[in-house]
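**Student:** Using the supplied hints, reconstruct the complex from the two chains, each of which is provided in its own coordinate frame.
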Amino acid sequence: MTKMTYREAIRSVLRQALRADPRVFLMGEDVGRYGGAFAVSHGLLEEFGPERVRDTPLSESTFVGAGIGAALGGMRPIVEVMTVNFSLLCLDQVVNNAATLRHMSGGQLSVPLVVRMATGAGRQLAAQHSHSLEGWYAHIPGIKVVTPATPDDARGLLLAALAEPDPVFVFEHASLYPAAGEVDETAGPAEIGRALVRRAGTDLTLITYGGSLLKTLEAAELLAADGVAAEVIDLRTLRPLDTATILASVARTHRALIVDEGWRTGSFAAEVSARIMEGAFYELDGPVQRLCSAEVPIPYARHMEDAALPQAATIAAAVRAMLKRDG
Amino acid sequence: MTPPADLSRERALELLRQMLLIRRFEEKAAELYTLGKIRGFLHLYIGEEAVAVGAMQALGPADNVVATYREHGQALARGMPAGAVMAEMYGKANGCSRGRGGSMHLFDVSRRFYGGHAIVGGGLPVAVGLALADAMQARPAVTACFFGDGAVAEGEFAESLNLAALWRLPVLFLCENNLYAMGTALGRHQAQPDIVRKAEAAGVPGHAVDGMDLLAVEAAVRQAADGIRRGEGPRLVEARTYRFRAHSMYDPDLYRAKDEVERWKTRDPIALFTDALRACGVLADADVAALEAAVGETIAAAVAEAEAGPWEPVENLLEDVHTPAGRR
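Those protein sequences? They're chains A and B, same order as listed. With numbering that gives the first Met the number 0, the residue at position 66 of the first sequence is 65, and numbering never jumps. With numbering that gives the first Met the number 0, the residue at position 212 of the second sequence is 211, and numbering never jumps.
Please keep in mind that the hints were generated in silico from the structure rather than gathered at the bench. You may find that some hints are simply not true.
Examples of chain B residues lying across from chain A (beta carbon under 8 Å, computed) [as the list claims (entries may be wrong)]: (1) G78; (2) F106; (3) V108; (4) G114; (5) P124; (6) V127; (7) G128; (8) L129; (9) D133; (10) E158; (11) S247; (12) D250; (13) Y254; (14) A256; (15) D258; (16) T322.
Pairwise CB distance ranges (calculated) [what the hints assert, rightly or not]: (17) D193(B) to P188(A): 46 to 56 Å; (18) H188(B) to H302(A): 44 to 54 Å; (19) R167(B) to L87(A): 27 to 37 Å; (20) E318(B) to Q127(A): 37 to 47 Å; (21) R266(B) to G73(A): 37 to 47 Å; (22) H138(A) to E231(B): 52 to 62 Å.
Simulated coverage check for chain B against chain A, where a stretch passes if three residues somewhere in it have a Cβ under 8 Å from a Cβ of chain A [as the list claims (entries may be wrong)]: (23) 220 to 232; (24) 289 to 298.
Note that beta-carbon positions come from the ideal geometry of N, C-alpha and C, so glycine has one too.
Next comes chain B alone, as it looks inside the complex (with noise of 0.2 Å):
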């Protein structure tokens, strides 16, 4: 990875810390996930950091993202504030989904993160609706779908990206293909197991990149962005990367061979960001020690935020489930 000269340090600092911060930020949840300060399923992303970080650089403000439920890293990617989404693991009332989501459910409209879906695949229809009011509303935003490798075999991506692709609507299809469909590999439930051409087929320009180099997927993304932005309709990115962890804190992670785990470590997202930017001299030894002191610092203060927030009251159970009158 070479970084491109307009890439200044302050930008390169930027990156890799929040690439950091996504990393400890997860370490902290598997860690009070032991001690059962978070509970229900939490699925990590560890090594898939450079993939929410390179995405959400092309993505605005007035864009929508649509996530999956392996979604901290696209949720803090995306500016949420890490104690909304620690104190909403902890199922506090001040997490980001006022405890009714949890790790898989994260939602901040304020910044259009559209949530945390579970339902695999299930995501991409809602991002073509939204990408659908847009264009008639002549807004000109992108709305980002993030899945992975295993929601193409759901019938809602041909669905999906022949209606984005019919009706031409500002859809950026991102795939996080990490090989594995839960326990399940790409090869071992797809006859055609290239996304890109899968994409290709249903009419929408694909592009294949290296998920754990950063500025690659940024780059991949932000050109995909372009054209969707020039109105030439939804592209898919699909990002080649890597789960260090199993699945879910219950997945005994028996259908990887350890070597393939170690290999795919060798690359890992931050070490190749931070080697790069060692080597042109961008950042140095203290850069790092000041980031990883920063991070330590959010993310102790996320950690107090959620053990400091309020319970919701039970007699707030039913509220939400209707809007209130008055309130659309």
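So here's chain A without its partners, still in its complex pose (with noise of 0.2 Å):
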């Protein structure tokens, strides 16, 4: 095992990648000469040379379109958008044709494109640059999306990502950039559509993802202070889904609580939520519960953006509140 941050294990899996098949190369706004506006792709332009990590101009829809091009032409595109809230400027190439075009010729096409950008709050960067929208990708067949919240998943999600042979999405929180962790510079990818147990626990089920997962940890230490033994999934990939984890465990807690940086209203909570009335309602003690964030723009201010999202403090309250009622 090796300690390194977020960043380094992403930066590394795409030197591996890029040194390893010639048809991988990397493009985006500012990925090359600037290294990268989360300083990801630092040192690459030096290694590979402008042919292959390629900086773009702001043309979001044309850089990820041109991606997709590029795949249907026999390359192994990485595409860099610098955040979610700017990928919004790609989603028509996104929606109605990185997922549609296998479908729509018959099977005749395959995309194997990996895009990455950063997503979520807490850096108080205002509501450009804060949203957590990965779950409307999760939305769209024909395409798959991935959310690691550590180094170690960074590294495995991402190599996953370019072993697919369709679209890849993964939505790195910009808040874990920085964050060390342990990674296994040998283990292989990390398998698509797999969750994992981060903490076992009897009273309940807490479901969480990406940058969620380290304060989901952190309430489920509080909650243990207090007797209560929480049991933590980080979904990891948010499509496809992997619903038998969530319900096996679900069927061991009885209870569940899923805590998701997206907005309430229509969020990927919600699907995990619907999908354990579908296939646990009477495994349930009680009702399925959200902790999502408010339903507002991201706020600059720090105390007001602190408030704006799901916190350990206020996700140990949701819990105990919870089983306050449910006795």
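**Tutor:** Pasting the structure below:
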């Protein structure tokens, strides 16, 4: 095991892929000379040159579409979109081309494209750089959506994305880039579509992903001090969703709270809740609950932003309220 | 139109056959639409045949084509079998997209025909990417990207021309300017309606050509493609043309003056080419009759193939949302 940051873990996979496969190249805004808006691709231009580490104009729709075309043409592009908010400018290419071309062509085409982008709040970047829209992407058949929450998963899920024959969207929570953790550099790709129980418990299941995992684990620690044993599931992949792991946990604990940094209405948490209702209704001792971001554009001021997001203390408080109410 | 001296009789007849095939194929499709055999949207190319047929003469099998939603003509001119195209419009499993695409989404990877794009402008970035893949793999291919005058209003037009020019990619931007974005005339949606000037502002040399003149289209596209193949970067050709029919089968065509349509019909690309060939003695009445008969047989066979084709089992509905394991 090696200790490295989330950022370094991603960079190590990019470097490895660029070295191993001449079809792989990286493109996006400021990935080259600037070194990446989040410094993920720092040093790659120097090692691989401007043909394979391509700075693009601020044309999200066109450089994502060009990634799709290059994938059709036999390349293995990795496209970096600076943030999820900017990705709204390429949503046409994502929905109408990347996700669609294989089926619409009667199976003639594959689009082996990896799109990486930063998501999430917590850095006082206000309402145009802080949203969590990965749940929208998870709505779309034809693509896969992964949300690594640890440096080890940042490595393993990106490796897995690069091995996929179809488009994979990697949502990197911006607050995690400097987070350090143990990474097994000898391990193979993680399994897309496989959730993990990050902490075992018997009293209820906390289900989360991405930037909310650490907060949820912290909440579980707070609850342990109260004598509450919370199980924590890290979804890791939003599409395809590992329903079996969720249902098996709920069958053991009989209660579930979903923690999701997206907005509550129409959230990914709503999807998880529905799956539990469909698959484990009779296992439940009380209603499934959701803790999501407040339904506001994410504000700038620190105390306001903190209040808008799920936090360890609010997660623990939600659990206590559930246990009190459900008896 | 004066045919060049080096245009052989054989090739002249073949070019005329291709335009006639598109014309008669679409007339048949319109008839089948009224019979309910074809549903959804059906956008006819009638009047614009010289653009696809002329342009395809300058492309080889290693080149890529990205098409629009008015692409029956582009598909047939690329050599896709009429039966596979007709079966696709029927929604049959023997259609070129196994019935998943319909009229607007014809695909044939074996001919490097990358669709049938029905989001206006959405094919341009894909074409840039196909060209990028060729450039990065040192393949000397051209990617021809068809789009209409409506697409120049999309941001992807400006973005794609810029990126192709910036990276000197082998893209041939082929604008079929039929003067109307559905029902909105070019001058009603563009402050600068000169498409060649727009291209040149993006750093892409452009050239406008009479889209009703097959040989002029071919010459312009060949010249552009030659420049691209020499590594000079992308080019744009604007073919000025006109659709004789409404936008789609739903369109009552209220936004065009009748005399405007009639005026354009006097420049029917098939009639212009036929007359030119007759005038120089290449074509006799019997030739036209023979071509019409051959095209009629091709279309009858295509319809029979579509009629006889199987419906895909509903159990296959979810196939090919993803690539099956082990295939890529």
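**Student:** If a hint holds in the structure, say so; if it does not, say that too.
**Tutor:** Comparing the hints with the structure gives:
1. The beta carbon of G78(B) comes no nearer than 16 Å to any beta carbon in chain A, farther than 8 Å, and the hint placing it at the interface is violated.
2. A cut of 8 Å between beta carbons decides the hint on F106(B): the least distance to chain A is about 4 Å, and the hint holds.
3. Interface restraint check for V108(B): the shortest CB-CB distance to chain A comes to about 4 Å, inside 8 Å, so the restraint holds.
4. Using the Cβ-Cβ criterion of 8 Å, the hint placing G114(B) at the interface with chain A is satisfied: the shortest such distance is roughly 6 Å.
5. At a threshold of 8 Å, the smallest CB-CB gap from P124(B) to chain A is about 2 Å, leaving the interface hint in force.
6. Look at V127(B): its Cβ gets to within about 5 Å of chain A, closer than 8 Å, so that hint holds up.
7. About 2 Å separates the beta-carbon of G128(B) from the nearest beta-carbon of chain A, less than 8 Å, and the hint is met.
8. A cut of 8 Å between beta carbons decides the hint on L129(B): the least distance to chain A is about 4 Å, and the hint holds.
9. The closest approach between the C-beta of D133(B) and any C-beta of chain A is roughly 6 Å, which is under the 8 Å cut-off, so the hint is satisfied.
10. Among the interface hints, the one on E158(B) holds; its C-beta lies about 4 Å from the nearest C-beta in chain A, closer than the 8 Å criterion.
11. A cut of 8 Å between beta carbons decides the hint on S247(B): the least distance to chain A is about 19 Å, and the hint is violated.
12. For D250(B), the suggested interface contact is broken, since its CB lies about 23 Å from the closest CB of chain A, more than 8 Å.
13. Hint status for Y254(B) relative to chain A: violated, with the closest Cβ pair at about 26 Å, above 8 Å.
14. Hint status for A256(B): violated, given a least beta-carbon distance of 34 Å to chain A, over 8 Å.
15. Interface restraint check: D258(B) against chain A, minimum CB-CB distance 38 Å, threshold 8 Å, status violated.
16. Using the Cβ-Cβ criterion of 8 Å, the hint placing T322(B) at the interface with chain A is satisfied: the shortest such distance is roughly 4 Å.
17. At roughly 52 Å, the beta carbons of D193(B) and P188(A) sit within the given window of 46 to 56 Å.
18. Remark: the range hint 44 to 54 Å for H188(B) to H302(A) is upheld by a beta-carbon distance near 48 Å.
19. For the hinted restraint 27 to 37 Å between R167(B) and L87(A), the CB-CB distance of approximately 30 Å keeps it satisfied.
20. Look at E318(B) against Q127(A): about 40 Å separates their beta carbons, and that is inside 37 to 47 Å.
21. In this structure the supplied range 37 to 47 Å holds for R266(B) paired with G73(A), their Cβ-Cβ distance being about 42 Å.
22. At about 43 Å, the beta-carbon gap between H138(A) and E231(B) misses the expected band of 52 to 62 Å.
23. Remark: the segment 220 to 232 of chain B is not confirmed as covered by chain A, as 0 of its residues place a Cβ nearer than 8 Å to a Cβ of that chain, below the required three.
24. Under a criterion of three residues with beta carbons nearer than 8 Å to beta carbons of chain A, the stated coverage of the segment 289 to 298 of chain B fails, only 0 such residues being counted.
The structure is inconsistent with the numbered hints 1, 11, 12, 13, 14, 15, 22, 23, 24, although it conforms to all the rest.
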